[in-house]
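Visitor: Next come the chains, spelled out residue by residue.
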Amino acid sequence: MSVLVNKNTRLVVHGITGNEGLFHTQQMAAYGTNIVAGVTPGKGGEWVLDGKIPVFDSAKVAVETTGANTSIIFVPARFAADSIFEAADANVELIVCITEGIPVQDMMRVRNYLDQKRIRLVGPNCPGLLTPDEAKVGIIPGDIAIPGNIGMVSRSGTLTYEVLYALMQHGMGVTTCVGIGGDPVNGTNFIDCLNMFEADPYTEKVILIGEIGGSDEEKAAEFISDHLTKPVVAFIAGQTAPPGKRMGHAGAIVEGGSGLATDKIKALEAVGVKVAKHPEEIPSLLG
Amino acid sequence: MKLHEYQSKQIFARYGIPIPKGRVAASALEARTIAEELGSRVVIKSQVLVGGRGKAGGIRLAKTPHEAEEVAAQILGMEIKGLPVRKVLVDEAANIKTEIYLGITNDRSNRKPVIMASAAGGVEIEQVAKDTPEKIIKIYIDPLLGLRDYQARDIAMAIDLPREHWRAFGALAAALWRAYTECDATLAEINPLVITGDNRLLALDGKMLIDDNALFRHGDLADMRDLDAEAASEIEARKYGLSYIKLDGEIGCMVNGAGLAMTTMDIIKLFGGSPANFLDIGGGAGAEKVAAALRIILSDPNVKTVLFNVFGGITRCDEVARGILTAMDEVKPKVPMVIRLVGTNAAEGRQMLANASMITAETLADAAQKAVAASTAKR
Chain A
1 MSVLVNKNTR LVVHGITGNE GLFHTQQMAA YGTNIVAGVT PGKGGEWVLD
51 GKIPVFDSAK VAVETTGANT SIIFVPARFA ADSIFEAADA NVELIVCITE
101 GIPVQDMMRV RNYLDQKRIR LVGPNCPGLL TPDEAKVGII PGDIAIPGNI
151 GMVSRSGTLT YEVLYALMQH GMGVTTCVGI GGDPVNGTNF IDCLNMFEAD
201 PYTEKVILIG EIGGSDEEKA AEFISDHLTK PVVAFIAGQT APPGKRMGHA
251 GAIVEGGSGL ATDKIKALEA VGVKVAKHPE EIPSLLG
Chain B
1001 MKLHEYQSKQ IFARYGIPIP KGRVAASALE ARTIAEELGS RVVIKSQVLV
1051 GGRGKAGGIR LAKTPHEAEE VAAQILGMEI KGLPVRKVLV DEAANIKTEI
1101 YLGITNDRSN RKPVIMASAA GGVEIEQVAK DTPEKIIKIY IDPLLGLRDY
1151 QARDIAMAID LPREHWRAFG ALAAALWRAY TECDATLAEI NPLVITGDNR
1201 LLALDGKMLI DDNALFRHGD LADMRDLDAE AASEIEARKY GLSYIKLDGE
1251 IGCMVNGAGL AMTTMDIIKL FGGSPANFLD IGGGAGAEKV AAALRIILSD
1301 PNVKTVLFNV FGGITRCDEV ARGILTAMDE VKPKVPMVIR LVGTNAAEGR
1351 QMLANASMIT AETLADAAQK AVAASTAKR
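Residue numbers (this note's numbering), protein chains in the order written: chain A, 1 to 287; chain B, 1001 to 1379.
I should point out that these hints are in silico values taken from the structure, not numbers from a laboratory. Source: prediction; values computed, not measured. Be careful, since some hints might not be right.
What the hints assert, rightly or not - Think about it this way: if two alpha-carbon atoms lie no more than 20 Å apart in a straight line, the pair counts; the simulated EDC-like pairs of lysine to aspartate or glutamate are: (1) K245(A) x E1236(B); (2) K245(A) x E1230(B); (3) K117(A) x D1142(B); (4) K1112(B) x D115(A); (5) K7(A) x D143(A); (6) K1081(B) x E255(A).
What the hints assert, rightly or not - Residues from chain A that face chain B, not an exhaustive set, calculated with beta carbons under 10 Å: (7) A77; (8) M107; (9) S156; (10) A166.
Glycine residues also receive a C-beta, built at the ideal position from the N, C-alpha and C atoms.
Start from the sequences, fold in the hints, and give me the full structure.
Guide: Given below as structure tokens:
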């Protein structure tokens, strides 16, 4: 079992003919994800992956023709917000945006629009989702994770891979891994995922990977205390990050003394979450 | 990206916000000329991208053009918090009756812009927020609708602004909103916004922060970047699309991915070392980028060891290895190097580096411990 993506996912890839879009379409298809369409304005009528996936000029036609229910977006940052709006107006249920570097005011408009339409966005600036052996909607390498009973949610990319890999080395696997992304304004947050993992009967434990910036980890701690019956293990990156500097991710910044790793760790530990000192310690804490 | 006061105020003026008469000067003589043109008392304000300019003596009054020249000469020779003062703003001195704070910023937890105002203007708003948060009025703005007129009026009422100023204040708030959205600002702030002796609203000081991710559509703003506030190595890194931040430690780090790069710094600290930098080579980094990254790391004389931590996903480990070999050929590093390659094409990468006399590591903890040991070993 899983959350958000699984065997029923019917995926449309926005930016399917671009370098990254095409490469990851191949990877996702090889993993067994059901990719039903691609969108690139001006290339409608073409086919990719040896004629297996049709390309459409617009998301609306792609969704109407193929019954796609999930969008993944690989288009460059300057066009990405428009693609999210387009996917939303084509009425898919879930939009996953991999693109990094979208202006934050674009994201505020996107997020407020999607909230009105009640459409879920994961990302942007994220590695996407992986439900092992069912669907890979994103760029998480498929061979570093196995199915299991752990739900995982993370603000990071490669750090997530690191933890998945460490789990696999210990024979542990995940129901679904959700990369929610490193931007200050995103679609899905920790609480959304904790809620879904709590409701998913196959998820027995949860891993939360946070980092400096904002207060989502603190809010997650509060939510865990009030609503979660399943044990949570966490790791927070950025204890050595200097204040006022953006650590790669647009959202990873300590501002005016808030967003510190130590505060997040304290908040999580206060509600009984085991916080790992480094990522490779996580499997033993799940014990 | 931070803008200077004079740049921010010029932008504000373009949107119709009243600012004092004045100009920026790079020399004392120029400051004198401006003071002569203004024909009044002037304020000489250092233009550096740090707070606390006033306390540091970087903002002073001058009664005559002669005094303006003297004061400007003194301020232009100053360093404030390590930054050289290269420009001063020479503004007509205002007759201040009331000081107000007005700003618009992104509220990340509410995912909306927020307009903030306070009758306690002229002091650092962070301080007001800490000591007397009830004095700050906040109204959230729907980014799809923009600032509504009634919201600006609500703000005016909440800070007890006299009715005669409501109309002007509404126009000013609307102009600030336009400046904030059209420039992709993450902060547009007037502090203080004053009511003058002759009952006009005037933006005495201004500050704007621009979203780096939006600079692609603001070439004019991108050109305003002041490089003084950044380390030379950070400027160099940006050219190659690398995310690099210089720190004070001894172990240089090269990592793919921001979260993993922070984690690598943290684990070095955990095992008793200290990181020399944050460096994310990004997804899919090729050999050329890796070579540039290594050059930048080694340009820091404090670096005693370099730790490479690459978890191949989109980034291919053999490409990274090729970059490391290229860079080593060119820079001939004299410090020990620890490398950990995992993921896509890791075996090929390790093979390529087999003869490069590097210390190899399997796990992240192992890599960090080896790097710390190498940096403390006597050579």
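Visitor: Hints first: check each against the structure and report whether it holds.
Guide: Each hint tested on the structure:
1. Our distance criterion of 20 Å between C-alpha atoms is met by K245(A) and E1236(B), whose separation comes to about 17 Å.
2. Taking the CA atoms of K245(A) and E1230(B), the gap is near 11 Å; set against the 20 Å cutoff, the hint holds.
3. A distance of roughly 15 Å separates the Cα atoms of K117(A) and D1142(B); the hinted pair therefore holds under the 20 Å criterion.
4. For a cut-off of 20 Å, the pair hint linking K1112(B) to D115(A) stands: about 12 Å separates their Cα positions.
5. Restraint check for K7(A) and D143(A): satisfied, since their Cα atoms lie roughly 18 Å apart, inside the 20 Å limit.
6. This hinted pair checks out: K1081(B) and E255(A) have alpha carbons roughly 18 Å apart, not beyond 20 Å.
7. Annotation: interface hint on A77(A) holds; nearest CB of chain B at approximately 7 Å, less than 10 Å.
8. Residue-level restraint check for M107(A) holds (minimum Cβ-Cβ distance to chain B is 8 Å; threshold 10 Å).
9. With its C-beta approaching chain B no nearer than about 3 Å, S156(A) sits inside the 10 Å limit, and its interface hint holds.
10. Residue-level restraint check for A166(A) holds (minimum Cβ-Cβ distance to chain B is 8 Å; threshold 10 Å).
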